[in-house]
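Novice: Using the sequences and the accompanying hints, generate a full structural model.
First to last, the sequence lines map onto chains A and B. Each residue of the first sequence is one higher than the one before, starting from 1 at the first, in the working numbering. Each residue of the second sequence is one higher than the one before, starting from 1001 at the first, in the working numbering.
Worth flagging that the hints you see were computed from the coordinates, not collected in a lab. Incorrect hints may appear among the rest.
Across the chosen pairs, the derived CB separations fall in these ranges [stated by the list, open to error]:
id : chain 1 : residue 1 : chain 2 : residue 2 : range
1  : A       : 468       : B       : 1054      : 21 to 31 Å
2  : A       : 750       : B       : 1189      : 52 to 62 Å
3  : B       : 1092      : A       : 504       : 44 to 54 Å
4  : A       : 855       : B       : 1278      : 49 to 59 Å
5  : A       : 404       : B       : 1190      : 15 to 25 Å
6  : A       : 350       : B       : 1095      : 30 to 40 Å
7  : A       : 750       : B       : 1204      : 35 to 45 Å
8  : A       : 504       : B       : 1203      : 36 to 46 Å
9  : A       : 629       : B       : 1215      : 52 to 62 Å
Coverage of chain A stretches by chain B, computed from C-beta distances (three or more under 8 Å per stretch; other residues unrestricted) [said to hold, decoys possible]:
id : region
10 : 339-353
11 : 395-408
12 : 812-821
13 : 858-865
The structure presented is a predicted model; accordingly, all values stated were derived computationally and were not measured. Using N, Cα and C, we set each Cβ at its ideal position, and we do this for glycine too.
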Amino acid sequence: MTSNLFKLLAAVVVTILAGFLCYPLGDKLLDVMHLRDSMARRAQGDVDADRQARLKQQEENRKLVQANRPTRPRGIVITDTSANDDWQKGFEEDDVAATPPQDDTLGDDGSVDNGAERDFSSYMLADCDPDLVGITEDKDAPEIAGQSDVVPKPPDSKVRNSYTAAMRKYIGALEKADKAPPYINPEFNGADWKKPDELYEKLEKRVLAKLGQSPTAESVMEYMATPENRRDLALITLIRRAGIKNLQEVSEQRGGITVLNALSSDLRWLCNTLYSGPTGGLGLGLQYMAHIFSRYSEDITNETARRIATTTATEFAREGWNQKDMMERFSYYYGSHREGRLNKIFDDLAYWETRIVTGNRECRSWGSPASLAWQRDNVRLPVEGYLGASGQLVYRLRNAAGDSVFSGEYLAPVMKRFNNITALAHREIGGVCGACSHYGAYGALAAGIPAMTMGEPGHCAYAVRVGNEWKKGYSIYWQHGMHKTFWGLHDWEFLILTQDLYSDASRTLASDQLAAMADFLASKRMTKAAFNCFDAAVQTQPLNWPAWLAYAGFLKQKSPENKERWVALCNGVIDTLAEKYHNVAATFQARYIYPNLLPLMPDKRERNKLFASFFKKCESFGINRWDITPLLNAQFAGCKTENEKLDYMKTALSILMTKPDYSGAVLTWGLEISGKMGETNGEGADRFQEEFSKLITSAMRRMRSGKKDRDSTWAGLGEAIHTAATNGDNYTFQAIGKLAMQKCKKHFPKNRFKFRGFTGRIVSAKGSIRTGVTLDDNGLKQSCLHWGVLQKNGGAIPIKFEGNTGITVKLEGSSDLNGVVALFDCAIKNDRPFHIEASEDGQNWEDTGGKVEIDGSIMRIDLRSAQASARYVRLLREGDKWDTGHIVGFYVYGKPKKNS
Amino acid sequence: MKHTQLLLCVAIALFALLGGMAGASQSRTFEDALKKAGTDKAFVMFCYGANYDDISIKMYETYIKKHEKNMYRVLNSTNYLVVPVYQLPNEKEKREYERVMGKRGLPGGIWSVPCFAVVDGNGNVRGTVQAREELDDPVKAAAALSKLLDDFKEQQKLLTRAERASGKRKEELQREALSYTDLRVPNHALFDPSQNGVVQDLQIMSIPEANSYIRKLLANGTYSPVEQQMVMAAFAGHVRREKGPVAMLRALYTEMRNIDPTSTYGVYAEGALEIWVEPLEKEASSNTVKSRENNKQDKPAAQ
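Specialist: Structure (structure tokens):
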């Protein structure tokens, strides 16, 4: 005890001495003052290039890249790319000059030119095209009895059950391989890659010999269960997608052989390159990879370097972006990773996720290395924090100097002094939704977290991947156009599909490999086996959108009039994809199945039954609200006669009007169709429109109005009434307004306004009213209140006065006007004059010159001396925007003209 | 074992002694830190990304663990609080954060971690050291933090005096408090000419009207240097769009810059002089030369 006490005392003495020794260091620290400058000061400095010149250069580069961007050919393609050698000149010397090659061109008639070189790059399995793409067949492929050009019957459950065990075994093998060290087989060397056509022949012989003449789905899966066979298929796929000519060029490039050897010997790297998203422009991608590893040769064995290099190269090649930007992007991410400056999330990203990060757009502004580096170091947040990072920017449509964000002057004075760091400039000066969302999304991207911006009607928002879930930031609307996509489809649901697809890694890999095998077999004219493999691919992983697409493309190529197979394909999509991904399934049917199937299906009952089977899957919107209109349009387009159209309309409305989520959308669609019918001249068209209107009006009554569904009915009617107002359809506007009052009375106010009116009667009560505000989801839901604005108890319509935007009312008919009373829910901002304009056609407007009196929230415009007559009336305000508040009552007084 | 015990004792003693000598102490919770700060003091929050950010973790080791004694010296008598920020926290991490911050999120103004934030007794973030340029260098970071703390004391004194004063004296004191550009003043909303109607008002004014309007505004309001610069920017922007005299533009941007050349709007003014004023001046001077030359050529013809 005494000894311990002694030790403690000794320690205290030592400590005191140590403390004294430490003081000088502390004093030194205290002496360093005045080092903290503002962000702006630190970012000052000269930049070599003038901003204007840089912008011009950017534009030129963009044009150059666009002009040389690989185009997607359609149909069978055999290409001679020898004429396209010029692009390669100066590749090594000057990064800026490097542009992508035009790696394939479409033969006029799709015929085979004997002298031409084989090039398979026309078919990119994982790529997407609005039109279905066929598969290039090898002209030398022999005809095989019972195999070539034989389209098998669609497999039934018995056939599918027969390969379930093989499928399980195959997926099991992939899962096991994923946990084990990668399969390495350096069988092929530089000499092989110098002659990729010979290598291809060698590989195809080996694969075909092992598969036999009539491979089944089961036998293919058994074949694929071994890594050496998967490697052979992957190499075949690599050569087919990159193209022989491009591979030869890669092999001649500095660092090319090293990359090809390393890539081809490592099955995991190979699979990650081929099966982690679309591989359009893979030939160029390999050249980019060679370029990277010629500079970073010592890092070629580094897993992270491989991942960053592969994803950057393939994304930049796919997008047609130039090599200089690609190298800068690679250096940014690789350098940041090595310095430990990225979020830890980046360390564990798979290849497909890394592609979203390294392939971010805006190479010259938000995605420039300088801007990314600034955000990386100054907006360091936990992943969920980026969803709110947009709030770091001040929302300023006009900056402090009064320059609009849409003008070049907004940031001009600071850009050069902030070293062209877009993010910094916006943080200091401000921005609107576009800048705010880019700031949030690129903050995450700079830290190595998957994120992207997305467009919404009249707005820009963004999404960040938090955990395994995509979350929306700064979003105000249900409609999102994602700015980064794998398949060119921008809806939110496709992003979720991409996430779910690649999260299920082993199954997706199996499916991708089966589809790649189908592609190869099709090229060897082994049609039957190819169909079986495609079917197995989509059965193995029903979320594999590119596999569905390739399957449909092959069907269209080999047997476009095979109704049975098209029906089977459609049902396959409905049974699997439609269960969760309504929008995805609808898109597939509308774009790729109906145009081929509906002409083969003359019986309207059969068609309507097919449509109904899909509608039944859609009880609610599912993952995200989606636009059902393209699907309905595609189905409607299949109807030839007016009776068929009415019959279809009846079917669609009878099913969908009972589903609260869809009722508003289908009603809106019906109104639009009806509106278009109204534009068509002729007696038949009038009768048809009348029938339509009746159908819609009676369908509206089917909307549920019980306590549970009242809100969705209210929302559905709101959307429809908004469309009616936009169409200027007074009849429907009024019908919906009255129906809403009947079904959802509680939503309407019961105001008792007191104001002084004018002589004559209110000629706006049976009309329709529109606002210039872009309505968001909530705004749309409340649109029935717009109808209330014209009624005595009032309603609410949001205001936006700016230029020619204001409040427009279509009167019940052309009328002589006496005056207008507008009631606001706030004090009227009367620092600028208001005007009432009148028009007979809603296009040509004249100022009435009416006298405006404002008293708090009541505005009276006397038009008696103006002697105006009109069908349309609009209220405008001079000067800058005023958009805070609502009009709760709007009454136009006058006398309808007799003959109007 | 005994050796370990001895080392532990030495470490504990060192910690306690240095802390005591310098007067700085660590609060365990945000509430505790607020209480200790009271009405006129501040405390320093060190927020760091505890499970996702290597830079943060390294900084935590550097500033708080390894060189804690130096931080004490910098903090002097200021209380401090360490807040671990977790990404997708598990239950344990959630509890750890809640132990420090309760149910609160991070206070507004912390835009990036790691971050040293100077927080007043009401929980307002008054100033931060969160930029890479500072945090990468311990000496710079210490200096920046030290300056913030000194400035806070001065600013707080002015604000207290302003509270007690009235009339012109109050305005003067408030203005002086606002001149600490790296510190925010609580309850002072940024006067932004684009959002407070100044830009709109100027739109319908002639240049002389605008000039007197702006001068009056600046003379009567209590604005920080940046706000003054923003008001000047609004006026200069109006003159530029109305194609007012170049000399006036130069004078305005120069005046704007000189208020605080290092602030964003000081930088803006410098840039505006370069991209807008100088080209106009060059154009004007080349026009003068041309007209002189024309006059010279015209003269013999006239003769």
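Novice: Now look at each hint and say whether the structure bears it out.
Specialist: Here is how each hint holds up against the structure:
Between residue 468 (chain A) and residue 1054 (chain B) the C-beta distance comes to about 23 Å, which sits within the given range of 21 to 31 Å. A hinted range of 52 to 62 Å is violated for the C-beta pair residue 750 (chain A) and residue 1189 (chain B), which are about 38 Å apart. Checked against the hint of 44 to 54 Å, the C-beta distance between residue 1092 (chain B) and residue 504 (chain A) comes to roughly 30 Å, which is inconsistent with it. The supplied range of 49 to 59 Å is met by residue 855 (chain A) and residue 1278 (chain B), whose beta-carbon atoms lie about 52 Å from each other.
The given range of 15 to 25 Å is respected by residue 404 (chain A) and residue 1190 (chain B), whose C-beta atoms sit roughly 20 Å from each other. Range check, residue 350 (chain A) to residue 1095 (chain B): Cβ separation about 31 Å, and the 30 to 40 Å hint holds. At about 41 Å, the CB distance of residue 750 (chain A) to residue 1204 (chain B) agrees with the hint of 35 to 45 Å. Under the hint 36 to 46 Å, the C-beta atoms of residue 504 (chain A) and residue 1203 (chain B), about 58 Å apart, miss the expected range.
Between residue 629 (chain A) and residue 1215 (chain B) the CB atoms are about 58 Å apart, so this pair conforms to the stated range of 52 to 62 Å. Figure legend: the region 339-353 of chain A, annotated as covered by chain B; annotation consistent (5 residues with Cβ-Cβ distances under 8 Å, at least 3 required). Judged by the Cβ-Cβ criterion of 8 Å, the region 395-408 of chain A is covered by chain B as claimed, because 8 of its residues qualify and three suffice. Coverage of a stretch by a chain is defined here by at least three residues with a beta carbon nearer than 8 Å to that chain's beta carbons; for the region 812-821 of chain A and chain B the count is 0, and the condition is violated.
Counting residues of the region 858-865 of chain A whose CB lies closer than 8 Å to any CB of chain B gives 0, so the stated coverage by that chain is violated, three being the minimum.
Of the numbered hints listed earlier, those contradicted by the structure are 2, 3, 8, 12, 13.
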